[in-house]
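Dock chains B and C against chain A, hints included.
Chains as they are written, first to last, in the UniProt record's numbering: chain A, 1 to 638; chain B, 1 to 99; chain C, 1 to 260.
Treat the hints as calculated values from the structure; they're not laboratory data.
We treat Cβ as the ideally placed atom computed from N, Cα and C, and that holds for glycine.
Each statement offered as a hint is correct.
Residues of chain B placed beyond 10 Å of chain C at every Cβ, according to the derived structure:
hint : residue
1    : A94
2    : L96
3    : L97
4    : K98
5    : Y99
Here's a subset of chain C near chain B, in silico, CB distances under 10 Å, partners left out:
hint : residue
6    : G64
7    : Y75
8    : T169
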Amino acid sequence: MDTVFAPATGALSWMWLLIALPLAGATVLLLLGRRADRWGHLLGTATVGAAFVLGLVFFLQLSGLPDDARSATLDLFTFVESGSLNISAGLLFDPLSAVFVLLITGVGFLIHVYAIGYMSHDEGRRRFFAFFNLFVAAMLLLVLGDNYVMMFVGWEGVGVASYLLISFWFNRPSAATAGKKAFLANRVGDAGFLIAIFLMFASFGSTDFQTVFNGTAANNLASGTVLAIGLFLLLGACGKSGQFPLQTWLPDAMEGPTPVSALIHAATMVTAGVYLIARSHPIFSANETAQLVVVSIGALTLLIGCVIGCAKDDIKRVLAYSTVSQIGYMFLAVGLGGAAYALGIIHLLAHGFFKAGLFLGAGSVMHGMNDQVDIRRFGGLWKYMKSTWFTFLLGYLAIIGLPPLSGFFTKDPIILAAFNREGWQGWVFGGAALLGAGLTAFYMTRLFILTFHGPKRWTDDIEHPHESPAIMTIPLWILAVGSVAAGGLMSTSVVNWLTPVFGHTEHHEEKMSHWTATGLTMALVVLGVVIAFLLFRRGTALAEQPARTHIVRAARQNLYADRFNELVLELPGRLLTRALVWVDNRGVDGVVNGLAAAVGGGSARLRRSQTGFVRSYALSILSGAVVVVAALLVVTFG
Amino acid sequence: MTPTYYLVLAAALFTIGAVGVLVRRNAIVVFMCVELMLNAANLTLVTFSRINGTLDGQIMSFFVMVVAAAEVVIGLAIIMSIYRSRRSASVDDANLLKY
Amino acid sequence: MNLLADALASGTVTTGEAVTFWILAPIALGGAIGMVLARSAVHSALLLACTMLSLGVLYMLQSGPFIGFVQIIVYTGAIMMLFLFVIMLVGRDSRDSLLETLRGQRLAAIGLGIGMALLLCTGLARGIGSVTAVGLDEANANGNVQGIAADLFTKYVFAFEVTSALLITAAVGAMLLAHVERRKGDRPGQKELSRLRFRKGNYPGPKAGPGVFATSDSVATPALLPDGTESERSISPVVPVRELTPAEAAPKGTDGGKRK
Numbered sequence: 001m002d003t004v005f006a007p008a009t010g011a012l013s014w015m016w017l018l019i020a021l022p023l024a025g026a027t028v029l030l031l032l033g034r035r036a037d038r039w040g041h042l043l044g045t046a047t048v049g050a051a052f053v054l055g056l057v058f059f060l061q062l063s064g065l066p067d068d069a070r071s072a073t074l075d076l077f078t079f080v081e082s083g084s085l086n087i088s089a090g091l092l093f094d095p096l097s098a099v100f101v102l103l104i105t106g107v108g109f110l111i112h113v114y115a116i117g118y119m120s121h122d123e124g125r126r127r128f129f130a131f132f133n134l135f136v137a138a139m140l141l142l143v144l145g146d147n148y149v150m151m152f153v154g155w156e157g158v159g160v161a162s163y164l165l166i167s168f169w170f171n172r173p174s175a176a177t178a179g180k181k182a183f184l185a186n187r188v189g190d191a192g193f194l195i196a197i198f199l200m201f202a203s204f205g206s207t208d209f210q211t212v213f214n215g216t217a218a219n220n221l222a223s224g225t226v227l228a229i230g231l232f233l234l235l236g237a238c239g240k241s242g243q244f245p246l247q248t249w250l251p252d253a254m255e256g257p258t259p260v261s262a263l264i265h266a267a268t269m270v271t272a273g274v275y276l277i278a279r280s281h282p283i284f285s286a287n288e289t290a291q292l293v294v295v296s297i298g299a300l301t302l303l304i305g306c307v308i309g310c311a312k313d314d315i316k317r318v319l320a321y322s323t324v325s326q327i328g329y330m331f332l333a334v335g336l337g338g339a340a341y342a343l344g345i346i347h348l349l350a351h352g353f354f355k356a357g358l359f360l361g362a363g364s365v366m367h368g369m370n371d372q373v374d375i376r377r378f379g380g381l382w383k384y385m386k387s388t389w390f391t392f393l394l395g396y397l398a399i400i401g402l403p404p405l406s407g408f409f410t411k412d413p414i415i416l417a418a419f420n421r422e423g424w425q426g427w428v429f430g431g432a433a434l435l436g437a438g439l440t441a442f443y444m445t446r447l448f449i450l451t452f453h454g455p456k457r458w459t460d461d462i463e464h465p466h467e468s469p470a471i472m473t474i475p476l477w478i479l480a481v482g483s484v485a486a487g488g489l490m491s492t493s494v495v496n497w498l499t500p501v502f503g504h505t506e507h508h509e510e511k512m513s514h515w516t517a518t519g520l521t522m523a524l525v526v527l528g529v530v531i532a533f534l535l536f537r538r539g540t541a542l543a544e545q546p547a548r549t550h551i552v553r554a555a556r557q558n559l560y561a562d563r564f565n566e567l568v569l570e571l572p573g574r575l576l577t578r579a580l581v582w583v584d585n586r587g588v589d590g591v592v593n594g595l596a597a598a599v600g601g602g603s604a605r606l607r608r609s610q611t612g613f614v615r616s617y618a619l620s621i622l623s624g625a626v627v628v629v630a631a632l633l634v635v636t637f638g
Numbered sequence: 001m002t003p004t005y006y007l008v009l010a011a012a013l014f015t016i017g018a019v020g021v022l023v024r025r026n027a028i029v030v031f032m033c034v035e036l037m038l039n040a041a042n043l044t045l046v047t048f049s050r051i052n053g054t055l056d057g058q059i060m061s062f063f064v065m066v067v068a069a070a071e072v073v074i075g076l077a078i079i080m081s082i083y084r085s086r087r088s089a090s091v092d093d094a095n096l097l098k099y
Numbered sequence: 001m002n003l004l005a006d007a008l009a010s011g012t013v014t015t016g017e018a019v020t021f022w023i024l025a026p027i028a029l030g031g032a033i034g035m036v037l038a039r040s041a042v043h044s045a046l047l048l049a050c051t052m053l054s055l056g057v058l059y060m061l062q063s064g065p066f067i068g069f070v071q072i073i074v075y076t077g078a079i080m081m082l083f084l085f086v087i088m089l090v091g092r093d094s095r096d097s098l099l100e101t102l103r104g105q106r107l108a109a110i111g112l113g114i115g116m117a118l119l120l121c122t123g124l125a126r127g128i129g130s131v132t133a134v135g136l137d138e139a140n141a142n143g144n145v146q147g148i149a150a151d152l153f154t155k156y157v158f159a160f161e162v163t164s165a166l167l168i169t170a171a172v173g174a175m176l177l178a179h180v181e182r183r184k185g186d187r188p189g190q191k192e193l194s195r196l197r198f199r200k201g202n203y204p205g206p207k208a209g210p211g212v213f214a215t216s217d218s219v220a221t222p223a224l225l226p227d228g229t230e231s232e233r234s235i236s237p238v239v240p241v242r243e244l245t246p247a248e249a250a251p252k253g254t255d256g257g258k259r260k
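Next comes chain A alone, as it looks inside the complex (with noise of 0.2 Å):
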């Protein structure tokens, strides 16, 4: 099947307005300075806005386009022309993007929203909105790019947004710390996207989508190769989504605002990742090594989220481990192939709804309780705080896949999918989806439990916790019926709407029934909402407990992994540097400095025979002479 992309036409002529909008809105925010302080976030919320309406006309445009022109293309400028390299700025608008714009474009609006509320007592509110706003422009970017370098411009624009908004707070220096993490991580990750750019460049000659995947799919090429491609792609994609092993910078990335983590977290940053392999599909459908790879990630990954989420008391340090986990079933699903990438998209959504609802619930949890973040100081906040508790209990019910809500129809078809795999690796994968399920129900049920209900555990300078205003929890409202609704809307809809790009796929024998899968899991999921319903209805310790087995000590260290980049990247990286450092002092820089102490030296001495007296003067002239005249004798009679 050839991938052919036709031009655009009519409305969708217009969709670079998509970026430009929210870009025009961070560059008048940023160049107006203190003279935007008063309508700032206004303006940032509106371009949002207005981006979130015009993505709807384009889907609107494209649905009505026949099922196999659905896509169109737009020629900007030529961006680069060296040589044979020319790399056009191109826009492309197809189902996959229209999807990612509309949710960029949606729950980025309600976060934005939901930001004048929650940042409307700090001082840097139009920095926020201005960085924000770059955020969703570069997001937007990177899903309309129409070929991988343009792609690769949106994906670096949002690591810059990203650390800009995570060291947002930048004089706390765990702030500014989780900032340069995320960077670094991001760059290990961005080196990887960037070797399979140029491995493409060299086998295809071109970077457009097109000539990328039409040329993959003529299977005229080393299986080598399109591994390396596809790996590469992987490791990119690994960095932007914090999946294994560069997991690490995301739950550090808590340190921005709420509403960053949200964006972060739940619409944008860290679907990128599953963006790039659902994107790249021909590439990794065409390598099964490749597609093993990611399976395998993305299983190890949403583990260790699981497992590293029931032990962190910090809540939004919950929600990012809970995050990693749900990106690694995403990874899972894209990397079964076939059928499961819509599987995976549609998760996708479902999540971005209801982690975005968990996140801004969790926001506003902290700014009824003075930005307590420890959920062991929770307890008992139902009462106080309605609107929040009742829209985290629809987030919570969708995250662990309680039917009818999204999570469930997001979900399950994930774990049966992973089971139907062929071989152990069915039985392998299917086995760590439904463990992560269960663990997933356990975590949540404790973070929910603990915060809402139970005894009152509070820090002795609350009096009264308050809900949130309004402008913080119609977000929430809006988001909660999204988390509900969502799962039961997308499950076929959006997979036939994504079919022109995934392309039809034949259903093989199934290994299992897909009532024994649900069935299975439900068990799970009760099992561990029942566990940790039974451990912590009576609320917790104030302080951490001793832990008494291996991994409750592993998992509070996030499964050693920081350990493990400290010892082996960060240490021999530090040796070297200081290592270079010493040559540098002694090696380079004695060289330098010993030939000027040399100099100065010699001279210091020299300059001693400059005593001052006369008389050695004299003797000098003296010994010349006699030379002079020794000189003359020889000359004249040798």
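For chains B and C alone, coordinates are given in the frame of chain A:
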């Protein structure tokens, strides 16, 4: 005996004067040694005048005397003023122009 | 004069000239060596004058009566007297110490001097060891002074005139260097001296005489102030402070042993 003996005598006197400049510290004595060297040069000029049979050497030596007179006047004045400011006529004491 | 000229104005060396040379050359050499070695500047000057007189005679011996007399009159008479005047003004009490302060200077100077002398003598011996002199008989035919004058005012007239500029410059320069201008107010008058005496911090009374209150009446022994400390002001700055040894400070027993 030939006139060369005069030249040898002049060489000896010149050398003595040079050594005197190097070993004596009293500026006036040093100056006298310089005068001795000038006189040795004069002796060679007069002797060469005789050997060559022209009077140019004697005239040259006359000029040397004139220059020596001028030089002595200035030199002694300098010694005087140094002595006045530093209370010393030793050439080693005037060693400020150094490293 | 004629006699001297006749006897000596030959290109060849006569016996008389040789005898004179051999008498005067040692005197000149001795004077020169003595000048370098003499510790007193006055002695140096006198020995140099001796050398210069000998050289003057040697000039005359070599058919140069004019230059010989100029040597005696200008050099010995004028320049050396100038030296003596300056010595009188400045260097009379400043005898050179025999200690050499520059390490190796003396040894190097003597070594280099001997080397220089040997080199010059070698050169002379090999170059003009056996030359025969032309003699100035012809040049001095009309008299030495006339011959010099003829050259000086024709061939060297420009250089001769330039020497006048040199001499006048030297005279003016010497005046500038030696002259110290002092205005009328520079010297403190009685008023200023009184003010100085009674200024704050100065003790206006007479200084304690040396030896007063001291066990020793030497002028080098400082006076004792009422608090027992020694007064620096009581002794002359040129007299070095003398520390008494315990033996000297002990009672001399001049009181007939009454204080025992």
